[in-house]
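From first to last, the protein sequence lines stand for chains L, R, D and A.
No gaps in the numbering here: position 23 of the first sequence is 32 in the numbering used here, and each next residue is one more.
No gaps in the numbering here: position 26 of the second sequence is 35 in the numbering used here, and each next residue is one more.
No gaps in the numbering here: position 105 of the third sequence is 114 in the numbering used here, and each next residue is one more.
No gaps in the numbering here: position 87 of the fourth sequence is 96 in the numbering used here, and each next residue is one more.
Don't read these hints as lab results, they were simulated from the structure.
A portion of the hints provided could be inaccurate.
[Claimed, not checked] Covered stretches of chain A, as calculated for chain D (at least 3 residues, CB under 8 Å): (1) 18 to 25; (2) 34 to 40; (3) 71 to 82; (4) 129 to 138; (5) 195 to 203.
[Unchecked claim] Partial selection, computed: residues in chain R whose CB lies under 8 Å from chain L: (6) Gln21; (7) Asp61; (8) Ser143; (9) Arg201; (10) Gly204; (11) Gln220; (12) Glu223; (13) Ala225.
[To be verified] Covered by chain A, according to a simulated footprint, are these stretches of chain L (three or more residues, beta-carbon under 8 Å): (14) 55 to 65; (15) 102 to 115; (16) 121 to 131; (17) 189 to 202.
Glycine included, C-beta positions come from ideal geometry on N, C-alpha and C.
There are 4 protein chains.
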Amino acid sequence: MGTESKRAEVMQNVIDASRMLIAKGICEAFGHVSARLPEADLFVITPKASMDVVEKPDDLVVVNLDGKRVEGKREQPLETWLHTCIYRVRPDIGGIARTHSFTTSVFSILGEDVKPVHDFGAILMRKVAVFQDSHLIENEEIGERLADFIGPEGTAALLRGNGTAVLGKDVIEATIRAIYLEESAILQFRARQIGKPIYFSATEVRERGTQLLESAHILRAWEHYKKSSR
Amino acid sequence: MGTESKRAEVMQNVIDASRMLIAKGICEAFGHVSARLPEADLFVITPKASMDVVEKPDDLVVVNLDGKRVEGKREQPLETWLHTCIYRVRPDIGGIARTHSFTTSVFSILGEDVKPVHDFGAILMRKVAVFQDSHLIENEEIGERLADFIGPEGTAALLRGNGTAVLGKDVIEATIRAIYLEESAILQFRARQIGKPIYFSATEVRERGTQLLESAHILRAWEHYKKSSR
Amino acid sequence: MGTESKRAEVMQNVIDASRMLIAKGICEAFGHVSARLPEADLFVITPKASMDVVEKPDDLVVVNLDGKRVEGKREQPLETWLHTCIYRVRPDIGGIARTHSFTTSVFSILGEDVKPVHDFGAILMRKVAVFQDSHLIENEEIGERLADFIGPEGTAALLRGNGTAVLGKDVIEATIRAIYLEESAILQFRARQIGKPIYFSATEVRERGTQLLESAHILRAWEHYKKSSR
Amino acid sequence: MGTESKRAEVMQNVIDASRMLIAKGICEAFGHVSARLPEADLFVITPKASMDVVEKPDDLVVVNLDGKRVEGKREQPLETWLHTCIYRVRPDIGGIARTHSFTTSVFSILGEDVKPVHDFGAILMRKVAVFQDSHLIENEEIGERLADFIGPEGTAALLRGNGTAVLGKDVIEATIRAIYLEESAILQFRARQIGKPIYFSATEVRERGTQLLESAHILRAWEHYKKSSR
Numbered sequence: 010m011g012t013e014s015k016r017a018e019v020m021q022n023v024i025d026a027s028r029m030l031i032a033k034g035i036c037e038a039f040g041h042v043s044a045r046l047p048e049a050d051l052f053v054i055t056p057k058a059s060m061d062v063v064e065k066p067d068d069l070v071v072v073n074l075d076g077k078r079v080e081g082k083r084e085q086p087l088e089t090w091l092h093t094c095i096y097r098v099r100p101d102i103g104g105i106a107r108t109h110s111f112t113t114s115v116f117s118i119l120g121e122d123v124k125p126v127h128d129f130g131a132i133l134m135r136k137v138a139v140f141q142d143s144h145l146i147e148n149e150e151i152g153e154r155l156a157d158f159i160g161p162e163g164t165a166a167l168l169r170g171n172g173t174a175v176l177g178k179d180v181i182e183a184t185i186r187a188i189y190l191e192e193s194a195i196l197q198f199r200a201r202q203i204g205k206p207i208y209f210s211a212t213e214v215r216e217r218g219t220q221l222l223e224s225a226h227i228l229r230a231w232e233h234y235k236k237s238s239r
Numbered sequence: 010m011g012t013e014s015k016r017a018e019v020m021q022n023v024i025d026a027s028r029m030l031i032a033k034g035i036c037e038a039f040g041h042v043s044a045r046l047p048e049a050d051l052f053v054i055t056p057k058a059s060m061d062v063v064e065k066p067d068d069l070v071v072v073n074l075d076g077k078r079v080e081g082k083r084e085q086p087l088e089t090w091l092h093t094c095i096y097r098v099r100p101d102i103g104g105i106a107r108t109h110s111f112t113t114s115v116f117s118i119l120g121e122d123v124k125p126v127h128d129f130g131a132i133l134m135r136k137v138a139v140f141q142d143s144h145l146i147e148n149e150e151i152g153e154r155l156a157d158f159i160g161p162e163g164t165a166a167l168l169r170g171n172g173t174a175v176l177g178k179d180v181i182e183a184t185i186r187a188i189y190l191e192e193s194a195i196l197q198f199r200a201r202q203i204g205k206p207i208y209f210s211a212t213e214v215r216e217r218g219t220q221l222l223e224s225a226h227i228l229r230a231w232e233h234y235k236k237s238s239r
Numbered sequence: 010m011g012t013e014s015k016r017a018e019v020m021q022n023v024i025d026a027s028r029m030l031i032a033k034g035i036c037e038a039f040g041h042v043s044a045r046l047p048e049a050d051l052f053v054i055t056p057k058a059s060m061d062v063v064e065k066p067d068d069l070v071v072v073n074l075d076g077k078r079v080e081g082k083r084e085q086p087l088e089t090w091l092h093t094c095i096y097r098v099r100p101d102i103g104g105i106a107r108t109h110s111f112t113t114s115v116f117s118i119l120g121e122d123v124k125p126v127h128d129f130g131a132i133l134m135r136k137v138a139v140f141q142d143s144h145l146i147e148n149e150e151i152g153e154r155l156a157d158f159i160g161p162e163g164t165a166a167l168l169r170g171n172g173t174a175v176l177g178k179d180v181i182e183a184t185i186r187a188i189y190l191e192e193s194a195i196l197q198f199r200a201r202q203i204g205k206p207i208y209f210s211a212t213e214v215r216e217r218g219t220q221l222l223e224s225a226h227i228l229r230a231w232e233h234y235k236k237s238s239r
Numbered sequence: 010m011g012t013e014s015k016r017a018e019v020m021q022n023v024i025d026a027s028r029m030l031i032a033k034g035i036c037e038a039f040g041h042v043s044a045r046l047p048e049a050d051l052f053v054i055t056p057k058a059s060m061d062v063v064e065k066p067d068d069l070v071v072v073n074l075d076g077k078r079v080e081g082k083r084e085q086p087l088e089t090w091l092h093t094c095i096y097r098v099r100p101d102i103g104g105i106a107r108t109h110s111f112t113t114s115v116f117s118i119l120g121e122d123v124k125p126v127h128d129f130g131a132i133l134m135r136k137v138a139v140f141q142d143s144h145l146i147e148n149e150e151i152g153e154r155l156a157d158f159i160g161p162e163g164t165a166a167l168l169r170g171n172g173t174a175v176l177g178k179d180v181i182e183a184t185i186r187a188i189y190l191e192e193s194a195i196l197q198f199r200a201r202q203i204g205k206p207i208y209f210s211a212t213e214v215r216e217r218g219t220q221l222l223e224s225a226h227i228l229r230a231w232e233h234y235k236k237s238s239r
């Protein structure tokens, strides 16, 4: 697929991801979604506004790895540094969802990890820990500390008191992970209300997660949520 | 009723069941529903896609008791074996719903049974236990183990970490059971959050369950949920 | 107001009450609402079907105090005896809502009373206790036992494992009480999840309840829920 | 901006706030919202009816600081004194939302404060305590006691058993605070169900709260909720 149509596809996915995350209640007035573009060292991100204003590629902002806007009439979000610093050190990552999902916030408030208890939660491939600094990720210094906290293989972090940062090989994987991370948190939370959850072992996480991350399963969830968000 | 119109009715019920289960949140992007057809040793099942693509009989897949597709342009689900193996050993069963209902998943994660606490939960006719293997039911060996676990009189099983399999004499009964199994789990869960639920005795389960399983009550619920899912 | 227009008004209120109770999730496929008619010893009730079929007076059933249908083409509910037996011994009662509200069912399952913790819960005027018999109220004997359990001043009862019976001077009061009884149960339930609720004293219940039961407040809630159920 | 167009803008904000608070479930049949008008010593308030009747400026009531209606064909609410007494002693306050948000009511019922656990909760700038008197704020004496309880710097109070009073420099700030106060209560409640929440320190509250109270963030939430309430 040529770069231009690949670019258009990536931008459409970011628009669809925005709509999906709002429809699922993972984001309301705040939060942002980004995706790497085919061109070297550029990514596209939802603007400094509620994601519900995002309807067409014109509404998005193109940013380079110095964190500077290179295209788009809207401003980029305050927390663009969250995305910039991760894309710099993680060539394997092609999409990031920064959400305010509710039950993951409960875990942040407790200072506790979210650990897989079901198949879909296993697509995060490991437990998700709390990045303790409660400041917004609004400058390079804290952006680098967060990327460092997530590490070379991490897929997400809980941000103390204000949501999550979820990573994927593309924005489809990042978005579906964001949705299932919240579901995973809810299941773990509910189970803990009346007993002791049986967590997936490291082997189970690896096997189930890898199996589900095959395009077919992730794409099936993506198509379902895209359809129900219209 | 002639075989052809009976066949059309069964297929329509499977389509309605799909819509109902999504509307009630019992299934989202994953899950499947099947029903035995009037012809010997055949059943119809929702395809390998989100159930929200199911709109007409053409979208369904007809499968035989060797697990092979004999009609339909779509693929059957990976977990068709869940259905095939149950239909083989349970001639009394005419419908199966494989769901991802949320609170039943909480019980799976705790490794605990769901037991009737109210009338509608009694239509499962007994407690529902956890099938501990967390693999998808994607081959004949595990399908047979699950059918064996459910046994000659079982009506459902909780699948560790990923939902339920619910059985009925037809797809109407299986679907309404799936809905009320989730309600039963929620009631039991909520009660346990602040005290000790009073479970129905075996006698109460038998009496209430049998009374409610008369067509009139189950059909009334079916018509209500069909209407509210449009 | 003449008897004929009063009769039409009562019937319309029963239709609106049905819609409201479904919209608020207090009833789904089961449940019934009734109201005394201006004529001596008659009441009108929703039919033996889901309340979502109720659209016009023709859909309702008129029953006398012997429990016999005297008007209407549909059948009366199995549990008409619940209504008949209460109307017989409570001349002050002009409306009854038999619901399946969710959190009140949790209290039934625990065998515990719902007690007022807020203003709106005070309109029940006292705590609401559990009628322990889990049979449907489907004959005169159990109907009389329930009316006796509620007593000469009771406003509601929790029915073990299957919902509530809520009484009012008319169907407007019964319906608004049913809605706020469920809210009261949820508040009490939530508070007990993390601490000890401060219940209203008998004096507070009497004062707040009486104040809110003035037509203006109850009618205001009625109009609001009627509007939001369309 | 001239007084007349400023007046029209304030009235429109009150109408939008009404719609938003109902859409978010913060108010149902009861509750009221007010805002100071540009003219000295006048404020506008939603009428003595469910806020869902509020569609145009004509539906609102203009009241002076003696609590008397000076404009509008509808009656003012019984609890106008809640607003009047606060506006009298708090020249910094330009908007008040009196809500019945659910989880804040749970805290009232427990007699416990709601304390910030996340960024958005920090916009209340401090913990919110319970005003213990369970009477409606329906006369000058209790209105003055409530204003005194809130104090010269308070931003909200929980009203025992029946909701909240939330203050802001204008009705936009009051409304967004009301929404995030409920969210804050839910997070604190959920965390306490399974562990011990980490509350924001006084410094964190001050820093995060001040940062978020800048118009851009509050306006962004306002625009989002206004759009999703249509």
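Comparing the hints with the structure gives:
no., hint, result
1, 18 to 25, "violated (count 0)"
2, 34 to 40, "holds (count 3)"
3, 71 to 82, "violated (count 0)"
4, 129 to 138, "violated (count 0)"
5, 195 to 203, "holds (count 3)"
6, Gln21, "violated (22 Å)"
7, Asp61, "holds (6 Å)"
8, Ser143, "holds (6 Å)"
9, Arg201, "holds (5 Å)"
10, Gly204, "violated (11 Å)"
11, Gln220, "violated (30 Å)"
12, Glu223, "violated (34 Å)"
13, Ala225, "violated (33 Å)"
14, 55 to 65, "holds (count 3)"
15, 102 to 115, "holds (count 4)"
16, 121 to 131, "violated (count 1)"
17, 189 to 202, "holds (count 3)"
Consistency note: the structure conflicts with the earlier hints numbered 1, 3, 4, 6, 10, 11, 12, 13 and 16.
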